[in-house]
Amino acid sequence: MAVEMRIALRNYGKVDPNKIEDYLSRGGYEALKKALTMDRAELIDQVKKSKLKGRGGASFNCGQKWSFAYNVDADQKYVICNADEGEPGTYKDRLIMEGDPHTLIEGMAIAAYAVGATEGIVYLRGEYPELVELLRQAVAQAEAKELLGNFKLSVHIGAGAYVCGEETALIESLEGQRGEPRFKPPYPPVSGLWGKPTIVNNVETLAVIPEIILKGADWFSSIGDPEFPGTKVLTLSGDVKNRTFFEVPTDVTLRDVVFELGGGIRSDKKFKAVQVGGTSGAFIPESQLDTTIGHTKMALIGATLGSGAVFVLDDSRDLVDINFQITKFFEHESCGKCTPCREGTMRMRELVEKVNCGQGKAADLDLITKLARVMSTASLCGLGQTATAPVTSTLKHFSTEYAAKLKE
Amino acid sequence: MGYKEILQNYADSPSNLLEAFHAIQDEYSYLPEEAIIAAADCFGVPAAEAFGVATFYSMFSIRKRGKNVIRICESAPCHIDGAADVVAALEKELGIKMGESTPDGNFALEFAQCVGQCQATPVLTINRKPYLNVTPASVPTILAEYR
Ligand SMILES: Cc1cc2nc3c(=O)[nH]c(=O)nc-3n(C[C@H](O)[C@H](O)[C@H](O)COP(=O)(O)O)c2cc1C
Ligand code: SF4
Ligand code: FES
Numbered sequence: 072m073a074v075e076m077r078i079a080l081r082n083y084g085k086v087d088p089n090k091i092e093d094y095l096s097r098g099g100y101e102a103l104k105k106a107l108t109m110d111r112a113e114l115i116d117q118v119k120k121s122k123l124k125g126r127g128g129a130s131f132n133c134g135q136k137w138s139f140a141y142n143v144d145a146d147q148k149y150v151i152c153n154a155d156e157g158e159p160g161t162y163k164d165r166l167i168m169e170g171d172p173h174t175l176i177e178g179m180a181i182a183a184y185a186v187g188a189t190e191g192i193v194y195l196r197g198e199y200p201e202l203v204e205l206l207r208q209a210v211a212q213a214e215a216k217e218l219l220g221n222f223k224l225s226v227h228i229g230a231g232a233y234v235c236g237e238e239t240a241l242i243e244s245l246e247g248q249r250g251e252p253r254f255k256p257p258y259p260p261v262s263g264l265w266g267k268p269t270i271v272n273n274v275e276t277l278a279v280i281p282e283i284i285l286k287g288a289d290w291f292s293s294i295g296d297p298e299f300p301g302t303k304v305l306t307l308s309g310d311v312k313n314r315t316f317f318e319v320p321t322d323v324t325l326r327d328v329v330f331e332l333g334g335g336i337r338s339d340k341k342f343k344a345v346q347v348g349g350t351s352g353a354f355i356p357e358s359q360l361d362t363t364i365g366h367t368k369m370a371l372i373g374a375t376l377g378s379g380a381v382f383v384l385d386d387s388r389d390l391v392d393i394n395f396q397i398t399k400f401f402e403h404e405s406c407g408k409c410t411p412c413r414e415g416t417m418r419m420r421e422l423v424e425k426v427n428c429g430q431g432k433a434a435d436l437d438l439i440t441k442l443a444r445v446m447s448t449a450s451l452c453g454l455g456q457t458a459t460a461p462v463t464s465t466l467k468h469f470s471t472e473y474a475a476k477l478k479e
Numbered sequence: 009m010g011y012k013e014i015l016q017n018y019a020d021s022p023s024n025l026l027e028a029f030h031a032i033q034d035e036y037s038y039l040p041e042e043a044i045i046a047a048a049d050c051f052g053v054p055a056a057e058a059f060g061v062a063t064f065y066s067m068f069s070i071r072k073r074g075k076n077v078i079r080i081c082e083s084a085p086c087h088i089d090g091a092a093d094v095v096a097a098l099e100k101e102l103g104i105k106m107g108e109s110t111p112d113g114n115f116a117l118e119f120a121q122c123v124g125q126c127q128a129t130p131v132l133t134i135n136r137k138p139y140l141n142v143t144p145a146s147v148p149t150i151l152a153e154y155r
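Listed in order, the protein sequences are those of chains A and B. Letter by letter, the first sequence follows residues 72 to 479 in our numbering. Letter by letter, the second sequence follows residues 9 to 155 in our numbering.
It is worth saying that the hints were derived from the structure and are not from the lab. Ideal placement from N, C-alpha and C gives every residue a C-beta, glycine not left out. Do not take every clue at face value.
Here are the simulated DSSO-like cross-link-like pairs (lysine-lysine), alpha carbons at most 27 angstroms apart as the crow flies [stated by the list, open to error]: (1) B:LYS105 x A:LYS425; (2) B:LYS137 x A:LYS85; (3) A:LYS312 x B:LYS105; (4) A:LYS432 x A:LYS467; (5) A:LYS223 x A:LYS267.
Sample of chain B residues at the chain A side, in silico, Cβ under 10 angstroms [to be verified]: (6) PRO22; (7) GLY60; (8) TYR65; (9) SER83; (10) VAL95; (11) ASN114; (12) TYR139; (13) TYR154; (14) ARG155.
Pairwise CB distance ranges (calculated) [what the hints assert, rightly or not]: (15) A:ALA129 x B:LYS105: 20 to 28 angstroms; (16) B:MET106 x A:ARG444: 33 to 41 angstroms; (17) A:GLY407 x B:THR149: 35 to 43 angstroms; (18) A:ARG418 x B:MET106: 20 to 28 angstroms; (19) B:PRO148 x A:ARG444: 43 to 51 angstroms; (20) A:LEU371 x B:LEU140: 47 to 55 angstroms; (21) B:GLU99 x A:ARG111: 55 to 63 angstroms.
Looking at chain A on its own, in the form it has when it is part of the complex:
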């Protein structure tokens, strides 16, 4: 039996996001006060020991990332919150921010103290205009109560580019440039915004930090899957009965997510597939639904947890057509900086479109597989590297759907 456990969303629906008093009355900013009494190295060590891994998709150890920035000497360092949330099917960061903006601010202030930064920036996607004011108001309230010390926090908005969720593209965008990813290394914790050490963390990652500081690393690391501990906010969409969100320990199975929490398929149809982690995630068949959602376990079946988007499809859905739509997405969102992705996403769309309209041959499927290999190996950033996962996973698990559309 899968039960919810709310850490990132602990105050969702319980506080008025417009009132800092509500947040304070539920223990808000106590974690920041505690953190400020701690030695910075020790604080980072606690976060490392909690084994908190990034909730933005790449699943990197959060404390470790902080320690890289901590270890660099610089006159200025930055903490950036990645609130670009562009992965289709994902709306968790919006929920956290609209329900409890102060948890994000507190998490950022703790991160800033830990690495020695005095400036923080929330990079908020342009699609969430109502959150700009809410966040700015929350910052002003925290400043008025002198909770943030010398930490300055501002909110910047994007303008509709999926690739800007990639951390170096996000930094370029913040510098007033086109959002094209940078070559790495150097990584942002060493050289990020304006060439200074920069931590980029996802909204959900930062939202759990205050609880880890208050309740301890051991408390957090004992929740869920030991390899990817804690909870994850999942957002459900598609043909599932309960199209809503849940925060669950990372050891729940996909089956429980879809059939228990999600309530199963909406109509009287049957389950066909679930795509987890957003539009760059793999499609998972019924036979693999007993996998638990932690990043490491998902990787074993060639899938990812990613952003926590859960897109459910019933057996009337046409996976080739859905993949055609997905290839259009990547062709549109490719920034064009590197050839494997710029040309690859276009050719991939052409090939899948050809199969989708009944003009494809068996050789086209081989070409798709080959092109996917090139793109995933040779693309500069995660966009081109993962763009092919939906097509390759459906070719693997649902090959008959493609075969049925081929021209004799």
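With chain A fixed as given, assemble chain B with the ligands onto it according to the hints.
Relative to the frame of chain A, chain B with the ligands by itself:
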């Protein structure tokens, strides 16, 4: 407010370029060529760079377009839930095709990718305000707010 005045509010850091463009669009609905050149001046970057930014982001338009920008999400969750039917209803109701503006300059019609409201598909936004669970039948009512 004219674009020159708008730009003055943002001139202190090149980080503000995107926000300045948003503010200009709130006024003009698109980014006029002179405004982009003025922005380049204001932030001390080559005009080519300012145009590069203006053309990179999907919310910015360097072509004149209708005042109320309707964007319909075509990402997979909206796609399987009937986004194409909503597109057809919008095109019929407005008498234009996707990517076009109405002759009276009141509406522009565009595709968008996921706008983060996938619990209530299909979704469209008008001037960045989301409308949820849109059906072909609800299109005229939604548009009436802007007529
Ligand atoms: C194409 C692309 C899009 C991404 N979009 C997002 C996003 O919308 N939000 C996010 O937090 N991370 C996104 N990421 C991951 C970021 O690059 C980065 O790993 C993350 O913000 C780090 O924060 P975390 O360690 O707290 O997860 C994206 C990565 C790629 C390659
Ligand atoms: S992989 Fe795609 S999005 Fe990433 S840098 Fe290359 S072209 Fe740009
Ligand atoms: S897929 Fe349309 S709003 Fe997310």
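Hints versus structure:
1. B:LYS105 x A:LYS425: Given that 27 angstroms is the threshold and the Cα spacing comes to 24 angstroms, the pair holds.
2. B:LYS137 x A:LYS85: Given pair LYS137 (chain B), LYS85 (chain A) holds - Cα atoms ~25 angstroms apart, limit 27 angstroms.
3. A:LYS312 x B:LYS105: Violated, at about 34 angstroms.
4. A:LYS432 x A:LYS467: Holds - the C-alpha atoms of LYS467 (chain A) and LYS432 (chain A) are around 17 angstroms apart, at most 27 angstroms.
5. A:LYS223 x A:LYS267: Holds, at about 16 angstroms.
6. PRO22: 4 angstroms, holds
7. GLY60: This hint holds: GLY60 (chain B) lies near chain A, its Cβ roughly 5 angstroms from the closest one there, short of 10 angstroms.
8. TYR65: 4 angstroms, holds
9. SER83: 4 angstroms, holds
10. VAL95: 13 angstroms, violated
11. ASN114: 21 angstroms, violated
12. TYR139: 13 angstroms, violated
13. TYR154: 17 angstroms, violated
14. ARG155: 22 angstroms, violated
15. A:ALA129 x B:LYS105: 20 to 28 angstroms: Hint violated: Cβ distance 39 angstroms, outside 20 to 28 angstroms.
16. B:MET106 x A:ARG444: 33 to 41 angstroms: 34 angstroms, holds
17. A:GLY407 x B:THR149: 35 to 43 angstroms: Distance hint for GLY407 (chain A), THR149 (chain B) holds at roughly 40 angstroms.
18. A:ARG418 x B:MET106: 20 to 28 angstroms: Holds, since ARG418 (chain A) and MET106 (chain B) (Cβ atoms, about 24 angstroms apart) stay within the stated range.
19. B:PRO148 x A:ARG444: 43 to 51 angstroms: This hint holds: roughly 49 angstroms between Cβ atoms.
20. A:LEU371 x B:LEU140: 47 to 55 angstroms: 37 angstroms, violated
21. B:GLU99 x A:ARG111: 55 to 63 angstroms: Given about 58 angstroms between the Cβ atoms, the range holds.
Comparing the model with each numbered hint stated earlier shows that hints 3, 10, 11, 12, 13, 14, 15, 20 do not hold.
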